[in-house]
Amino acid sequence: TQLLEQSPQFLSIQEGENLTVYCNSSSVFSSLQWYRQEPGEGPVLLVTVVTGGEVKKLKRLTFQFGDARKDSSLHITAAQPGDTGLYLCAGGDQGGKLIFGQGTELSVKP
Amino acid sequence: NAGVTQTPKFQVLKTGQSMTLQCAQDMNHEYMSWYRQDPGMGLRLIHYSVGAGITDQGEVPNGYNVSRSTTEDFPLRLLSAAPSQTSVYFCASSYSSRSNQPQHFGDGTRLSIL
Numbered sequence: 302t303q304l305l306e307q308s309p310q311f312l313s314i315q316e317g318e319n320l321t322v323y324c325n326s327s328s329v330f331s332s333l334q335w336y337r338q339e340p341g342e343g344p345v346l347l348v349t350v351v352t353g354g355e356v357k358k359l360k361r362l363t364f365q366f367g368d369a370r371k372d373s374s375l376h377i378t379a380a381q382p383g384d385t386g387l388y389l390c391a392g393g394d395q396g397g398k399l400i401f402g403q404g405t406e407l408s409v410k411p
Numbered sequence: 323n324a325g326v327t328q329t330p331k332f333q334v335l336k337t338g339q340s341m342t343l344q345c346a347q348d349m350n351h352e353y354m355s356w357y358r359q360d361p362g363m364g365l366r367l368i369h370y371s372v373g374a375g376i377t378d379q380g381e382v383p384n385g386y387n388v389s390r391s392t393t394e395d396f397p398l399r400l401l402s403a404a405p406s407q408t409s410v411y412f413c414a415s416s417y418s419s420r421s422n423q424p425q426h427f428g429d430g431t432r433l434s435i436l
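As you go down the protein sequences, you meet chains A and B in turn.
Under this note's numbering, residues 302 to 411 are what the first sequence spells out, in order.
Under this note's numbering, residues 323 to 436 are what the second sequence spells out, in order.
Treat the hints loosely; a few may be bogus.
Below 35 Å or equal to it, Euclidean Cα-Cα: the simulated DSBU-like pairs (lysine-lysine) are [stated by the list, open to error]: (1) K358(A) with K398(A); (2) K371(A) with K357(A); (3) K410(A) with K357(A); (4) K336(B) with K371(A); (5) K371(A) with K398(A); (6) K371(A) with K360(A); (7) K410(A) with K358(A); (8) K336(B) with K360(A); (9) K371(A) with K410(A); (10) K358(A) with K371(A); (11) K331(B) with K398(A); (12) K410(A) with K331(B).
Far from chain A, some chain B residues (derived; all Cβ distances over 12 Å) [said to hold, decoys possible]: (13) Q344; (14) P361; (15) G362; (16) N387; (17) P405; (18) L433.
Some but not every residue of chain A turned toward chain B, in silico, with C-beta under 10 Å [to be verified]: (19) S308; (20) I314; (21) G343; (22) G353; (23) V356; (24) K358; (25) L359; (26) L362; (27) D372; (28) A391.
The hints are simulated quantities; they were obtained by calculation from the structure and are not laboratory data.
For every residue, glycine included, the Cβ atom is placed at its ideal position computed from N, Cα and C.
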């Protein structure tokens with residue numbers, strides 16, 4: 302069974318700080334997605350990475366897929382209160398299904 | 323733009339009752355799936371479908387049934403509700419079953435089993 306370990310589970314920071322969320326596995330994934338979820342809503346896709354070593358940027362968010370396609374990170378620069386939410390990573394297995402990490406609850410205080 | 327629509331948004335059941343959670347999408351997506359979300363456990367796949375008439379089990383299928391008679395609809399049935407099925411249920415759809423496709427989620431059904 303493929304597992305994705307996401308860390309940290311909870312993160313509370315001040316506006317303007319930087320942070321990194323990690324997603325790790327012992328298994329190789331064909332792709333890695335990051336989602337953001339707000340209370341009372343479903344997850345919304347932020348990015349998909351498919352190539353080992355790939356880096357994608359979305360404004361202040363930087364996503365990286367590990368060279369061996371077993372891990373990924375999300376880095377937020379100068380966090381803002383609007384970044385508050387649950388961040389989920391999801392790895393694509395060989396059968397086409399998504400394996401989700403446990404999620405990181407981010408709270409950015411003004 | 324409706325996207326993925328789930329009904330009801332909230333439901334309270336007694337142990338042993340049955341019910342159907344509805345899910346409909348208007349994007350002509352082939353792939354649909356049901357997840358449950360519990361605190362600290364992320365999203366776990368219950369059942370999925372790669373097209374009308376085809377369904378398969380995910381990671382946690384016990385106690386749930388699905389059917390896919392049309393491309394648009396993918397209902398999830400709880401046969402005999404148990405307190406362990408208290409959770410938030412999400413339906414998702416995507417263009418194809420390839421795992422790099424964006425998943426479009428509904429807003430969830432919050433289910434409590436007493």
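**Study point:** Straight-line alpha-carbon gap K331(B) to K398(A), limit 35 Å
**Key:** Roughly 26 Å between the alpha carbons, so the hint for K331(B) and K398(A) holds.
Point to revise | Interface restraint verdict for A391(A) against chain B (beta-carbon cut-off 10 Å) | key: holds, 8 Å
Point to revise | Distance restraint between K371(A) and K410(A), which requires alpha-carbon spacing of 35 Å or less | key: holds, 32 Å
Exercise for review: Verify that the Cβ of L433(B) lies farther than 12 Å from every Cβ atom of chain A, and report whether the claim holds or is violated.
Suggested key: Label holds. Min Cβ-Cβ 14 Å, cutoff 12 Å.
**Study point:** Cut-off 10 Å, beta-carbon criterion: hint that I314(A) touches chain B
**Key:** Violated: closest Cβ of chain B sits about 20 Å from I314(A), beyond 10 Å.
Point to revise | Cut-off 10 Å, beta-carbon criterion: hint that G343(A) touches chain B | key: G343(A) check passes; min Cβ-Cβ to chain B is 3 Å, inside 10 Å.
**Study point:** Interface hint outcome for S308(A) [beta carbon to chain B under 10 Å]
**Key:** violated, 12 Å
**Study point:** Per-residue hint verdict: V356(A), partner chain B, C-beta under 10 Å
**Key:** Hint violated; V356(A) Cβ to chain B Cβ min 17 Å, cut 10 Å.
Check your understanding: Quick one, are K410(A) and K358(A) close enough, alpha carbons at most 35 Å?
Key -> The hint holds at about 23 Å.
Review point. P405(B): least C-beta distance to chain A exceeds 12 Å?
Key: holds, 22 Å
Practice item. Double-check D372(A) for me: the hint is only fine if its C-beta lies closer than 10 Å to a C-beta in chain B. Key: Given a least distance of 16 Å, the restraint on D372(A) is violated.
**Study point:** Distance restraint between K410(A) and K357(A), which requires alpha-carbon spacing of 35 Å or less
**Key:** holds, 26 Å
Hint check: violations occur at hints 4, 8, 14, 15, 19, 20, 22, 23, 24, 25, 26, 27; the rest are consistent with the structure.
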